[in-house]
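Between the sequences and the hints, there should be enough to build the whole structure, so can you do that?
Protein chains in written order, with the numbering used here: chain A, 33 to 523; chain B, 21 to 237; chain C, 4 to 202.
Everything labelled a hint here was simulated from the structure, so no lab data went into it.
Each hint should be verified, as a subset may be incorrect.
[Unchecked claim] Here are the simulated DSS-like pairs of lysine-lysine, each with C-alpha atoms no more than 27 Å apart in a straight line:
id, chain 1, residue 1, chain 2, residue 2
1, B, K169, B, K151
2, C, K179, C, K133
3, C, K149, A, K246
4, A, K246, C, K74
5, B, K74, C, K82
6, A, K150, A, K427
7, A, K83, B, K169
8, C, K202, C, K133
9, B, K215, B, K186
10, B, K186, A, K189
11, C, K143, C, K202
12, C, K82, C, K149
13, B, K151, A, K246
14, C, K82, A, K189
15, C, K179, C, K143
16, C, K202, C, K149
17, A, K189, B, K215
18, B, K150, B, K215
19, C, K149, B, K74
20, C, K133, C, K149
21, A, K357, A, K503
22, A, K296, A, K146
23, A, K212, A, K296
24, A, K355, A, K427
25, A, K296, A, K213
26, C, K198, C, K143
27, A, K150, A, K246
28, C, K82, A, K246
29, C, K202, C, K191
30, C, K191, C, K143
31, A, K357, A, K434
32, A, K246, B, K215
[As the list claims (entries may be wrong)] To spell it out: a stretch of chain C is covered by chain A in this simulated footprint if at least three of its residues, at any positions, have a beta carbon under 8 Å from a beta carbon of chain A; those stretches are:
id, segment
33, 30-36
34, 42-51
Glycine included, every Cβ here is placed at the ideal spot set by N, Cα and C.
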Amino acid sequence: MNGSKDVQLEGYGDENLDRSLQGPLSLLFVCSALWLVVSSLLGAVAFWQLKFPGLIDFKAGIQTPYVGWFFDFIHQALNYGRAVAATKSVMIYGWLLQGFLGVAIWLTGRLTKKMICKTGNYFLLGAIALWNIGVLVGLMGVFSGEASGFSGFDFPKYAAAILFTAYAFIGLGMGMRFAKKSCSVPTPSEWYLIGAIFWFPWFFGVAYYFVFCKVVFGVMPALVHAWYIGGLEVLVLGSLAISILYYLVPSILGLALNRVHSAKSAFWFFAFLGAWSGVRHLVGGPLPAWMISSSVVAGVLLLIPGTIIANNQMVPLWSNWCKVKSTPVLWYLATGGVSLLVWISLEAMMSLRGVSAALRFSYFEMGVSAVFEYAFLSMVLFGSIYAILPTLTGKELPCCVKCCSKCQFWWGFCGVITFFTGTFFAGTFMGLGINFAPMAFVATTNLASPFFWLSVAGGIMVLLANLIFVKNVVATVLSACCESNKEGCCS
Amino acid sequence: MNGYGRLFVGILFAFVFSWAALILVPLNQVGNLMPLEDQTSGDLNPPALSGLAKRGSQVYAANGCASCHTQQVRSESGGSDIARQWGARQTVARDYLYHSNPNLGSMRLGPDLANLGVERPDLNVNAGPKKKYDAAGLHQLFYAPRSIKGSSHPSYSFLYEKREIKGANAEVSLILPVGFETEEGKEVVPSEDAKALVAYLLSLNRMYALPEAPVKP
Amino acid sequence: MSDHSSNQSNENSHQESMLPQWMYWVFAALLIWGGAYLMRYSGGFSGEVYDESTVTYGPVKGGAAAVEDPKVLGARVYKANCAQCHQLTGLGVEGQYPPLAGSEFVLGSEAHVIRILLHGLVGPITVNGKPYNGNMAPWKDVLDDKKISQVLTYIRSDWGNNASAITPEMVAAVRKEEAARSASWTEKELEAAPKVLPK
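Next comes the structure, spelled out in structure tokens:
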């Protein structure tokens with residue numbers, strides 16, 4: 033290996049181990065990057081309709097039979113409600129979960145030091161393909177009007193079943209490799225990783241059963257849905273992100289992997305409180321008070337593990353600031369580490385009943401989910417993918433990619449801050465307006481208007497960053513493919 | 021048991037603990053509710069949903085209506101919902117007894133719909149005489165939202181069919197205001213989905229009192 | 004190039020990621036706040052308190068008791084025990100399990116339908132002019148009088164059926180009269196049995 037790499041990750045693993053995953057993980061990262069762009073474009077279409085509600089209602093003008101049918105379909109599929117559902121689901125299952133599963137597969141290899149056999153590799157490829165088919169089928173289902181209506185769990189029953197099957201292969205593979213491991217002390221990274229591997233199917237399975245099998249009626253499906261979203265956000269996606277942070281930050285900085293203070297108590301706090309925190313999304317809802325109250329408490333207490341985890345990441349980064357400044361990957365990871373704490377604080381604040389009376393149901397919620405999905409999860413994922421790609425190909429990132437990754441960071445970073453600022457003010461004014469009963473309801477959206485454009489600007493910057501990212505991933509994977517083809521004649 | 025075994029047991033326990041407390045116990049508390057009989061009128065509350073309304077609930081969910089509209093009235097201390105006359109009391113679990121998806125929603129870009137089938141004040145002025153939505157008004161809102169002043173509602177014209185007039189009053193066709201009429205000799209009729217959606221929306225009524233949610237006089 | 008083992012001695016991260024002491028006091032305060040919040044706003048962990056500001060000590064009192072709707076309860080019994088054969092639609096399976104929707108047995112004599120449910124029914128039977136031949140198990144040991152009355156009330160009122168409700172007392176009376184019986188009914192035996200309920 034050449035020593036000039038800025039991300040020195042090969043010390044902890046086996047070069048062959050990483051290289052053996054090149055095929056499946058390249059496919060996975062390219063697909064997830066594409067879904068990210070699909071999701072941002074869908075989000076843009078949805079967002080514009082808030083200002084221009086007639087944007088895609090072409091029907092009145094077009095009479096030609098086939099063209100008319102096409103525009104009619106566009107109108108149905110991309111109408112605000114369906115577009116929002118599609119944006120959210122593609123974001124979660126296409127980009128975040130898929131991307132983090134890729135990171136988890138790589139991390140499993142690193143932590144267990146077990147190679148995947150050739151058959152296993154084919155299974156993995158198949159499972160990744162199946163996962164993407166599941167997302168595509170689900171997206172089509174939402175477009176054609178078969179969404180379940182539970183935000184974040186919108187894909188119809190059959191698509192959810194495909195995703196579950198695909199995960200079964202991936203999760204089983206990871207679980208089996210951990211089961212074979214003989215060493216007996218798990219590292220912080222492993223706690224979160226193993227946790228997420230098991231939590232996802234459990235939460236997903238329960239949600240699938242209660243939402244799709246029609247065994248319960250009334251508020252129970254809504255309660256299960258809120259509980260599932262909490263589990264997915266905190267225990268699955270959050271755990272995976274924290275797991276990779278605990279691995280990458282010390283290994284890039286060249287520090288000891290498992291000497292971190294109070295990390296163990298933080299993990300158990302995180303696991304038990306995270307599993308309880310979902311129902312706070314239903315503050316004020318038609319559920320007995322204790323369910324919401326206990327979830328609010330769990331959400332606020334998440335500040336304890338959140339502080340410890342962020343501290344574990346940020347202190348070594350802070351004391352190696354020179355290294356951080358010269359390593360774009362660490363920019364992403366540091367942003368993610370801070371955003372985790374910011375998100376937990378925002379959610380804790382939102383869930384308090386006095387605050388939620390004003391801010392819930394307003395644009396503010398969009399801002400908070402942007403902090404979670406973009407500033408925390410996506411940032412960690414971007415950084416991880418930029419760190420992992422060179423280990424898969426065995427070569428440094430191409431120069432243009434390195435350059436663009438810095439550019440992408442600033443667009444994304446400024447974009448998400450602008451977006452959040454916009455939704456923060458828009459949401460606060462709108463929420464206070466709604467909460468002030470003498471004010472006409474229609475007027476409340478006007479209060480939000482000026483700041484809405486700030487959010488639009490932020491959204492455009494984020495979209496730009498996402499486009500740079502997909503270009504970077506595709507370029508890296510393609511250049512690796514071309515070189516491996518050429519190798520035969522060149523060397 | 022090595023460290024990994026203990027880790028697994030802990031992970032399992034964290035899950036099972038939350039599942040038992042937040043799914044099993046609620047299932048026992050609110051999963052098997054019964055309608056209640058009103059002592060004076062003898063009605064069962066909440067009233068059962070008609071088949072058409074049940075189907076409308078699916079149309080509502082599939083079109084993502086919940087991304088702009090909520091269907092939950094919060095208590096007086098929990099928000100302005102009751103002050104805005106969106107309901108007379110907080111909604112409770114029993115209100116959703118017959119709904120397979122309660123469509124609670126998480127955004128209020130539009131008003132709350134928990135009691136859309138009941139008369140309420142105009143949204144534009146938030147005061148004045150109360151008005152009850154009727155099927156014709158809702159159909160107009162879905163087919164030609166731009167014809168309603170101040171509305172930023174998206175159009176659902178794909179739930180309607182424009183066709184040659186067949187016979188006299190063969191079907192309920194839409195009454196459209198000046199400037200939005202269809203061409204001569206054509207009429208706009210709602211599809212089954214549109215009819216179901218409207219039936220569902222008009223059935224939303226949680227004004228009755230329940231012991232766990234009394235209506236203040 | 005960094006190496007795992009050579010870094011074990013590196014105490015940097017250990018030393019520096021210590022949280023300041025006051026943070027632990029903040030954590031303790033948060034935990035105490037959490038306990039207090041739960042005590043104040045949990046509504047006594049009751050399933051009937053929705054407004055969190057309600058102060059409850061002990062069980063919630065007052066309000067009307069829930070009315071048990073035998074049709075709703077019966078539907079649950081039906082789904083759990085009967086739907087495998089007679090289907091959720093009440094249409095049964097051709098040639099095997101007779102339909103309940105519009106069936107003259109279901110809508111006819113109250114005593115007969117209770118007898119069938121208590122002891123089961125074997126051999127060929129003609130329902131609505133079509134022949135069926137399945138085996139229905141006895142339910143007298145599985146379901147109590149209340150559940151039998153609920154499920155019968157349910158099947159007599161759904162799918163367009165509209166016959167009178169069955170009370171647990173009726174079931175108890177038939178059960179008492181036929182206490183000596185252990186075999187299942189056949190169509191012939193049933194025809195011979197009295198149509199009116201025992202007093």
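How the hints compare with the structure:
{"no.": "1", "hint": "B:K169 - B:K151", "result": "holds (16 Å)"}
{"no.": "2", "hint": "C:K179 - C:K133", "result": "violated (32 Å)"}
{"no.": "3", "hint": "C:K149 - A:K246", "result": "holds (26 Å)"}
{"no.": "4", "hint": "A:K246 - C:K74", "result": "holds (19 Å)"}
{"no.": "5", "hint": "B:K74 - C:K82", "result": "holds (20 Å)"}
{"no.": "6", "hint": "A:K150 - A:K427", "result": "holds (22 Å)"}
{"no.": "7", "hint": "A:K83 - B:K169", "result": "holds (15 Å)"}
{"no.": "8", "hint": "C:K202 - C:K133", "result": "violated (34 Å)"}
{"no.": "9", "hint": "B:K215 - B:K186", "result": "holds (19 Å)"}
{"no.": "10", "hint": "B:K186 - A:K189", "result": "violated (39 Å)"}
{"no.": "11", "hint": "C:K143 - C:K202", "result": "holds (20 Å)"}
{"no.": "12", "hint": "C:K82 - C:K149", "result": "holds (16 Å)"}
{"no.": "13", "hint": "B:K151 - A:K246", "result": "violated (36 Å)"}
{"no.": "14", "hint": "C:K82 - A:K189", "result": "holds (22 Å)"}
{"no.": "15", "hint": "C:K179 - C:K143", "result": "holds (11 Å)"}
{"no.": "16", "hint": "C:K202 - C:K149", "result": "holds (18 Å)"}
{"no.": "17", "hint": "A:K189 - B:K215", "result": "holds (25 Å)"}
{"no.": "18", "hint": "B:K150 - B:K215", "result": "holds (24 Å)"}
{"no.": "19", "hint": "C:K149 - B:K74", "result": "violated (30 Å)"}
{"no.": "20", "hint": "C:K133 - C:K149", "result": "violated (31 Å)"}
{"no.": "21", "hint": "A:K357 - A:K503", "result": "holds (24 Å)"}
{"no.": "22", "hint": "A:K296 - A:K146", "result": "holds (25 Å)"}
{"no.": "23", "hint": "A:K212 - A:K296", "result": "holds (23 Å)"}
{"no.": "24", "hint": "A:K355 - A:K427", "result": "holds (21 Å)"}
{"no.": "25", "hint": "A:K296 - A:K213", "result": "holds (20 Å)"}
{"no.": "26", "hint": "C:K198 - C:K143", "result": "holds (19 Å)"}
{"no.": "27", "hint": "A:K150 - A:K246", "result": "violated (41 Å)"}
{"no.": "28", "hint": "C:K82 - A:K246", "result": "holds (12 Å)"}
{"no.": "29", "hint": "C:K202 - C:K191", "result": "holds (24 Å)"}
{"no.": "30", "hint": "C:K191 - C:K143", "result": "holds (21 Å)"}
{"no.": "31", "hint": "A:K357 - A:K434", "result": "holds (14 Å)"}
{"no.": "32", "hint": "A:K246 - B:K215", "result": "holds (24 Å)"}
{"no.": "33", "hint": "30-36", "result": "holds (count 4)"}
{"no.": "34", "hint": "42-51", "result": "holds (count 8)"}
The earlier numbered hints that this structure contradicts are 2, 8, 10, 13, 19, 20, 27.
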